[in-house]
Structures are given as C-alpha cells and as structure tokens.
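Protein chains in written order, with our numbering: chain B, 3 to 226; chain R, 31 to 236.
Derived by calculation from the structure, the hints in this document are not laboratory data. A hint or two may mislead.
[Said to hold, decoys possible] Derived coverage of chain R by chain B (criterion: at least 3 residues anywhere in the stretch with Cβ under 8 Å from a Cβ of chain B; other residues may be distant):
no.	region
1	34–45
2	68–78
3	180–193
Everything numeric in this text was worked out from a predicted model, so none of it was measured. Every residue gets a Cβ at the ideal spot worked out from N, C-alpha and C, and that includes glycine.
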Amino acid sequence: MNEKYARITRDGLWNNNVVFAQMLALCPTLAVTSSATNGLGMGLATTAVLVVSNMVISSVRHLVSAEVRIPVYIVLIATLVTLLDMSLNAWVHELYKVLGLFIALIVVNCAILGRAEAFASKSNIPDSALDGLMMGLGFTASLTVIGGIREIFGSGTLFANAHLLLGPAFSFLETTVIPEYKGFLLMILPPGGFMVVGLLLAWKRVLDQRRAAKVVAVPEAAAS
Amino acid sequence: MNLEELRGKLSYQGILLGGVALLTSAALAYASRATEADIKAAEAADLKQSLAQVLPGEYDNDLLKDTVTLPGKKGEVLVYRGRRAGKVEAVVYQVVGNGYAGNIVCVMGVSREGKILGVRVIKHTETPGLGDKIEPAKAKWIFDFDGKFLGDPPADKWAVKKDGGVFDQFAGATITPRGVVNAVKGGLEFFDANKPQLLDEAGGVK
Numbered sequence: 003m004n005e006k007y008a009r010i011t012r013d014g015l016w017n018n019n020v021v022f023a024q025m026l027a028l029c030p031t032l033a034v035t036s037s038a039t040n041g042l043g044m045g046l047a048t049t050a051v052l053v054v055s056n057m058v059i060s061s062v063r064h065l066v067s068a069e070v071r072i073p074v075y076i077v078l079i080a081t082l083v084t085l086l087d088m089s090l091n092a093w094v095h096e097l098y099k100v101l102g103l104f105i106a107l108i109v110v111n112c113a114i115l116g117r118a119e120a121f122a123s124k125s126n127i128p129d130s131a132l133d134g135l136m137m138g139l140g141f142t143a144s145l146t147v148i149g150g151i152r153e154i155f156g157s158g159t160l161f162a163n164a165h166l167l168l169g170p171a172f173s174f175l176e177t178t179v180i181p182e183y184k185g186f187l188l189m190i191l192p193p194g195g196f197m198v199v200g201l202l203l204a205w206k207r208v209l210d211q212r213r214a215a216k217v218v219a220v221p222e223a224a225a226s
Numbered sequence: 031m032n033l034e035e036l037r038g039k040l041s042y043q044g045i046l047l048g049g050v051a052l053l054t055s056a057a058l059a060y061a062s063r064a065t066e067a068d069i070k071a072a073e074a075a076d077l078k079q080s081l082a083q084v085l086p087g088e089y090d091n092d093l094l095k096d097t098v099t100l101p102g103k104k105g106e107v108l109v110y111r112g113r114r115a116g117k118v119e120a121v122v123y124q125v126v127g128n129g130y131a132g133n134i135v136c137v138m139g140v141s142r143e144g145k146i147l148g149v150r151v152i153k154h155t156e157t158p159g160l161g162d163k164i165e166p167a168k169a170k171w172i173f174d175f176d177g178k179f180l181g182d183p184p185a186d187k188w189a190v191k192k193d194g195g196v197f198d199q200f201a202g203a204t205i206t207p208r209g210v211v212n213a214v215k216g217g218l219e220f221f222d223a224n225k226p227q228l229l230d231e232a233g234g235v236k
C-alpha cells in the first residue's frame, strides 16, 4: 500500500512530471514563467484545482459512461475553476489581483483533463487526491525553476514581488542576484521560455538515461 | 437493471450530460449571486484607490456617483468629478494612447484650472524591461506630468524629446512614451473643449 503511494508521489514529482515528462500544459508554462513568483502562483493555483477536480471526477467515475466522459469532465473542471475565480475575487481580492490572470488560464490547462482521464477516472478518491497533489507540486516546482532561471538571466532578480503573492512575511525571498544588471530581454520574452524549457528537458533526459544505465550496469558488474 | 446496463443506453448519455450541466449551472448561479455584492464592493474600492492616486486631496462628495459622460475623439468618455462645497474642483477620466504593442490605457486627474494632478497607466502591453517604464513601480517618468498644463510646456513642446518636445523618452523605447504623451495632451484638449460641462457650470442649466 505504501509502495503505491510512493509510486504516485515519484510519478507526480519526477518520473511523469506534467511539464518535463508528459509535455502537457506547455502553453501556461511558457506564458507565465517570466519570473519565479509568477511560476509559483500559477503552480499553486493549478494544484488547488487539480486536487479538487481529481477528487470530484473520481467520486462520479462509476456514473459517467465512457461515451460522454470528456464533455462531463470539461464541464466539471470549468465549473470548479469558475467557482474558484469568483470566490477569490469576492473574498480575497488582494490575492485575486495577483493570481487573477492565472486562474482563467487553468481551464485550458490540458494537464487537468489529462489527470482526470488517465488517473482519477480509474482510481479511488484518496489516490486521486494524492495524485492531484503530487502532479500539482511537480508542476509548481517545474514552473518555479523555469521562472527562476528566466528571471535571474532576464532581470537579475529572484522571486521579485513575492510579497504580493505570499504576503509580507515572504519578502525575504526577494533577492537581487546580479546587482546593477541591465537585463537580458530575450529571456523574459517567449523565446527565452522555449530555450529554458528545452535545456531543462534535455538535462532531465540525460539524468534519467544515466540512472537507467547505472541500474543495468550494476547487476552485470556483480555477475562478472 | 444494474448501473452497467444502464450506462450503455443512449438515453442515459443525454440525461447524464443534461444532469451534469444542470447541476453545475445551478452551482454557478448560486455562487454568482453569493459573490456578486462582494465583488462589486471590492472593484469599487479598487477604482476609488486608483482615482485617489491621480486626485490628491479631500473631496466631500462620492466620486464614483458624481459622473458625467461626454463625447470624446475616441468615443464616449466617463468623467468622475470631485467637489468641495458643491463646486467641481477636479475631474478624472481615462485616455487611451497608441503604444508599441497595443493600447495604453491611462487615467488622469485635472484640476479646475486645467493643471494635471496626476497620470497613471492602468493597462498596457508594452515590452517588459523597455516600454514598461511608464509604470510608477518601474520608473518615476509618469510623475513628470504633474503640474503641467497646455501652455506649460507650450502646445508644440507637448512631445518626447526626439520629436522636439520636453518629455524624456526611454533608451530603446520611443513609441511607448510618445503614445502616453500624446494621450495626455489629447486629454487636456478634451478638458479645454468641454470645460463648462466638466465643471458643471454650463450656463446654470443642469
């Protein structure tokens, strides 16, 4: 049982990472990661929706027939996102002003439909919730790393404006990595996003290949 | 009949889709009603806050309710008026400039003498790092307008330095400040053209 949870966790965070393994949700990934704070905000908002949507879809999985499952999932996800959007706007307006841009984008995040289809429609509620959480955290980590790299090279700062997203207590995160930096505009613009995603993807592949090679090599060495 | 058989039926698909749509619509309608008042209040507070930035000082009326709509060069302009003892002391309205990558929406406050009290950019899509120096958080440039009016500088100097005017442009971005300067100049011309209506002194006729 613990083995299963560990696998879901590993899948979400690394092996089957939304951005770097499933290659899903690239549109929001490239669009909002011009800074680490933006990446973090988008990631956290997506994680919240992902957990709830996975749980809702898992709880109705026996009722939904295969033929109409996609429209049903889409309607459910869109409703959840709209509910989140409205309640944040009404009751946490300051946070909404920072996250508002990202929330509407979550509807078009195919990773959420992807998890509904690939996992939640076949699994029980606790497993689906964990899967949603881990996929969301993997997504958040990816976006924060991409945003951080683009921000450091693009404007010389890291986590700028974090206090707007997380509250004044987190303003210690805001650092100037390269003082007096003139900025490298290309990294902030979309091409920078493509380059950083491409390089990180290549790096993850190399890392995974090395690890796989090691696993094969060890038994051989033991045999000889 | 068990669920397995039921799910295969054609009518089940329709009823399921309809049911899901009905339930979600009901949830949304309920949430919309529950949040409507709070969202409106929060947006009004936001608007008030942005008006206060370009309208320093105290006014004894409710700015959001004392409005007048006048025809401008680019469609109708909604004007908020700040009064003291019934007299209009300052007006606030939006002006739109042509930026490098789309419209730049600014809000500007003008005193009854026609002096600029403040200008803020509220929406733009200019290049980050180049054109976004029009935001007060990035640079002090937008404060250059404070206290200016048509005449100081003279009308032909209401332009960026590259065009022979008095306002700075940014390194690597001329089109953005040019758009803002032209929009603000247009806003002052709008004030001059509609002064009686703006100040609510149109010959005593309301």
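Here is what the structure says about each hint:
Here's how the region 34–45 of chain R fares: 4 of its residues keep a CB closer than 8 Å to some CB of chain B, so the rule of at least three is met and the hint holds. Counting residues of the region 68–78 of chain R whose beta carbon lies closer than 8 Å to any beta carbon of chain B gives 5, which meets the minimum of three for the stated coverage. Under a criterion of three residues with beta carbons nearer than 8 Å to beta carbons of chain B, the stated coverage of the region 180–193 of chain R fails, only 0 such residues being counted.
Figure legend: structure checked against the earlier numbered hints; the only hint not met is number 3.
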